[in-house]
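Protein chains in written order, with the working numbering: chain A, 290 to 647; chain B, 290 to 647; chain C, 290 to 647; chain D, 290 to 647.
Among the clues, some could well be false.
A pair counts as met if it fits within one copy or between any two copies, since identical chains are not told apart.
Here are the simulated DMTMM-like cross-link-like pairs (lysine to aspartate or glutamate), alpha carbons at most 25 Å apart as the crow flies [said to hold, decoys possible]:
| id | residue 1 | residue 2 |
| --- | --- | --- |
| 1 | Lys605 | Glu354 |
| 2 | Lys387 | Glu546 |
| 3 | Lys642 | Glu436 |
Honestly, the hints are just simulated from the structure, not real lab data.
Residues per chain, in single letters:
4 protein chains.
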Amino acid sequence: MSSSYGENLRLTVFGQSHSRFIGMTLEGIPAGKKIDPEKLAAFMQRRAPGKNEYSTPRSEADVPEFICGLVGDVTCGAPITAITANTNVRPGDYEALKTTPRPGHADYTAQIKYGGYQDASGGGHFSGRLTAALCIAGGICIQLLAEKGVRVISRILSIGNVFDEGELTESTASKSFPVVCDGRGAEMKEAIKKARAEGDSVGGVIECAVLGLPAGLGDPIFGGMENRIASAVFGIPGIKGIEFGAGFEAAKMTGSENNDAFTVKDGRIETATNNAGGILGGITTGMPLTFKAAVKPTPSIAKTQKSVDIITKTEKEITVTGRHDPCIVPRAVPCVEAAAAIALYDALLGRNKEGYQI
Amino acid sequence: MSSSYGENLRLTVFGQSHSRFIGMTLEGIPAGKKIDPEKLAAFMQRRAPGKNEYSTPRSEADVPEFICGLVGDVTCGAPITAITANTNVRPGDYEALKTTPRPGHADYTAQIKYGGYQDASGGGHFSGRLTAALCIAGGICIQLLAEKGVRVISRILSIGNVFDEGELTESTASKSFPVVCDGRGAEMKEAIKKARAEGDSVGGVIECAVLGLPAGLGDPIFGGMENRIASAVFGIPGIKGIEFGAGFEAAKMTGSENNDAFTVKDGRIETATNNAGGILGGITTGMPLTFKAAVKPTPSIAKTQKSVDIITKTEKEITVTGRHDPCIVPRAVPCVEAAAAIALYDALLGRNKEGYQI
Amino acid sequence: MSSSYGENLRLTVFGQSHSRFIGMTLEGIPAGKKIDPEKLAAFMQRRAPGKNEYSTPRSEADVPEFICGLVGDVTCGAPITAITANTNVRPGDYEALKTTPRPGHADYTAQIKYGGYQDASGGGHFSGRLTAALCIAGGICIQLLAEKGVRVISRILSIGNVFDEGELTESTASKSFPVVCDGRGAEMKEAIKKARAEGDSVGGVIECAVLGLPAGLGDPIFGGMENRIASAVFGIPGIKGIEFGAGFEAAKMTGSENNDAFTVKDGRIETATNNAGGILGGITTGMPLTFKAAVKPTPSIAKTQKSVDIITKTEKEITVTGRHDPCIVPRAVPCVEAAAAIALYDALLGRNKEGYQI
Amino acid sequence: MSSSYGENLRLTVFGQSHSRFIGMTLEGIPAGKKIDPEKLAAFMQRRAPGKNEYSTPRSEADVPEFICGLVGDVTCGAPITAITANTNVRPGDYEALKTTPRPGHADYTAQIKYGGYQDASGGGHFSGRLTAALCIAGGICIQLLAEKGVRVISRILSIGNVFDEGELTESTASKSFPVVCDGRGAEMKEAIKKARAEGDSVGGVIECAVLGLPAGLGDPIFGGMENRIASAVFGIPGIKGIEFGAGFEAAKMTGSENNDAFTVKDGRIETATNNAGGILGGITTGMPLTFKAAVKPTPSIAKTQKSVDIITKTEKEITVTGRHDPCIVPRAVPCVEAAAAIALYDALLGRNKEGYQI
């Protein structure tokens, strides 16, 4: 199904940008797991809009209300459902989109797919708003992974043509604008401001790493960690590419350059390099699982654009109004972590199934 | 499950590199579809080993034997199972891999995951040999898509640091070494020969396009065409990255550059550019669906490499023997097409489900 | 997953007896389908408690609030989520059940499965209360089936040892106490009152028929209509048996008695009898699909019962307090219809997938 | 999908009655499990045809050939595929069935569903022959359950109107004609012979019990053991009803009669009776899991029957030739055990997933 994910757990996200609530149901989480609501709220805040100059002025509290599945803060084995209200809704902005679709948005494809019955308001079910539901589920999985010593971290690798330098570490990931080099971070912010000033937008790349993973998670062929993570990460609107470890760079290397030599460090088997991004044959090696995701520039821009009238099949100009981020990359960072955490916790439950207790 | 794919059809691939047979079962294909065995054999031949100087000398006939699901050449509605024998097996090559894993291979992760019970011979279930099963299913789906006017084409975009030029077209895709610029093709072949001569290997990038697609295939969030295709394509061993349309380049653009303006051409709604790769909101636009997949260099190289003895936890050198491609990119081309075709035919069946007949 | 159902649609039910809300998400319903809220409310009322002398005094409004998936009353293609509040909650009744389980309830198995973390209050996720969520989904599917001329009807076949007479028809199904013979109905009500007066409870059998079905729904082997319907109907707490057509009686017949002869009636192929219950090889014949479901007597009874203290492993008497139906059969009737409708609409979408438009 | 089963393992059965092979793929079995081929063959023999006077003269060796997934006799973690040839095929018997369907068979529904493209020969994918594939998978799961001390036993409860007496025990289950009372067994055999002599057939009921189960297997709502077992057992052609524990009899009882009192026996919590059939809230109690399955009389009978010509829509008589069992109940016994074992091993893997090691 379009809005469900998972093999050993099952996540369903629901809601439209301007429906009464959005939310998620997470099935398959073992009973007896404590969920820290404050940590979850703090995680959600990293995605929340309206916080600073480079995000949308739309403001949503984004506090998940758990309506079932927990007793106090502890999972009871039943499906966990949390909802959050869409409080700051301005439906008037989106009237004409069914016949004159916004370039880069799902307006046109939704119109074709749903025959005009889609909820066009605010992008409906295609809205980035739905990533709040993803982050509820992901925030839970991050806490469950942390119990096992697994941490999901990430940084902004680039905004437009500005690239960060250095290596992603946990201290970088904890920054409010997570870049290794704050000077490059300042340039990135400038690029965003400039795009906004020009009625335009800008994209970027997010790097994510999962640390502390045991070896042995994932399955061959279609159940590989690449498949599973890609399948979750492409659930975030605007993601157009993903690569693991050296990724597209590996395609330029020779085998002797790309292969990660095995080595022993502190009595533990590791690899000297990590071009594989911690995955061989779809299965975790125990090295950091690393990947990069490409985020396209926000399609909603103030500049006038060319579109068509679907009914009359004539060309037509369109000016997108409404409130939008000139760059969604900063807010997409926790979404990417959420998607990765869900994929990994799902794989970890699958590892249990085989008779290993992690 | 690790070896199954699909929502509206279900593909299961089975077999190990050196088991008696490998094969696949494909459920959910409507009854009454004619499968042309010669076209399928021709498609399989593009993947088959042992054909030329830049592939492994291992030779397998790779003719699928349909053991059920067809009456004559026509689908009967029951699951379709085809098998193909592993005739050219040399198990002796792989004895020591359980304790001394080959860098870049799944030997180590298989050992951890399966506790030593894995079939290590020839890479077992992780072997590229399994892509023959993928190609049986993909070859069927390609024929079923062709009935609807949908064509899946691809080319080698790069080998190592040699990049093709120009645009992918159907005539390029029909070449035995599918590149637009044959001069670049010659350079690519040189790069492969050089790698072989040095006991090394080389990777590359494959570009794929699906033409003639109707708009409206795919679903929002986790059911997007990006999710579905990535989930299938990462089922091919050695794929480490995928990007759709402009992909990672889109991350460098502004919204006004990246957004594809809608336009009317011959009375049909199209986009002036196709940075979206024919997918908006996870759903096909009717433009060519385009993506690129990064293939890592073959991990099996003749050069001596560093590994470890898993038991004694001491470092150790390893020299990989056996028969291997210095570059799997040419043989991976039909595999990528197969994976894309399976994902698309699955989505097309899902579109039927909604009450549209395609 | 435990709380999900469906192949072509996906239903997830969530909530516990005393959580803030219970609800359901239904994915995969095509866009553009009008849902009549009054018809749905009327259907829900048939299940609602507190209406008469033979049901629990617990009163719940049971009006589904749709929080997403509809625009006005019309499906928009996104997952449909509806919730309904648990307003009449008395958690105090259920304190001691974790250590002293009620016979016939899930208290003991929940304790073992969830290690004491289950929500014991009101039976938690095991409560019959969850069938309200099932009825939301089922009520929607009943409306969608009605569009195609398909009607789901049922009657009370027996309560305790009192059996109805005659054949199930649509006029019987529309009665508030759906039995053919009202005299037998009066006896059934007496049996319920008697059970209540004795601090006891009573079970019964529900007969269900689906009329107006096209031939060709369902799949062989595990996808048969028997498998699909059984899988949904056993989702209703207290159902302990199901039989299709002649069912267990067929086991006593000879083939010449049990086989339904084909015949032509008004130019349409039918069978002269319907011992098959409208299903051959798992697939609908176009005759009424008929089945019977056995409902056990409500396990909550006022009489003192024998239980154990799980901790001390000593025997112990238990008296169940709280508000309970002396017979859940009347309220289970719409639940059985709901389950059947969900299974059939799911199969009908699957039939579309194959290229037939129903 | 029609031919797949399972949540934590995945079984796919494939083949038609007269295709070259039938077979099955079983994914998700942990690595390192020894499969005893002789025990499996012995189990298969219990289903095999042609053994005695009351079964079909069709003779198939029914020895599963494992083509992958095992190394020696030990599972390697890859999907396990086994096939068995259809050696004794007489396609000529089935020519006219597409236009003149046999009563009680899937000929008519297959014709409608597959539009005439079905493999009609021998019943195609609907044939009881496919239960050989089910028995391969079930025979494996029975061995895996036995490792945990779980035994699946069954008996013939009735043939036609002859009912066995007494309680099902392991010694009964080990008989070649498994009934408690051999006198009744003799009567049953007489009933079968009589049916054959009259060109007719007869049905029956199979009782199955699973002993040695831990408490805690299964899930609430749709994941209950009733749902899971019913979903598998209805995969056997000819099964028309299933009931758990007291089943339909429970519907006649009062709560005080039907509720199973908890008690302590040898320091272990049990129930004094087992009307629940070892399942409360869908989850195993640790008591024997018991159910009964109704088998309809073989639809293939020698007597002339009424059918229709589908094309001309005129009535027509039909005489079924071919080789058929006058009673499939004895051969269905291991099939029911197989289905139960698959459902239980699947649930047991799911229990592992939650962090319990069984």
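Verification of the supplied hints:
1. Lys605 with Glu354: neither (43 Å within a copy, 40 Å between copies)
2. Lys387 with Glu546: So Lys387 and Glu546 pass the 25 Å test across copies only (23 Å; inside, 51 Å).
3. Lys642 with Glu436: both (18 Å within a copy, 16 Å between copies)
Checked against the numbered hints given earlier, the structure breaks only hint 1 and satisfies all the rest.
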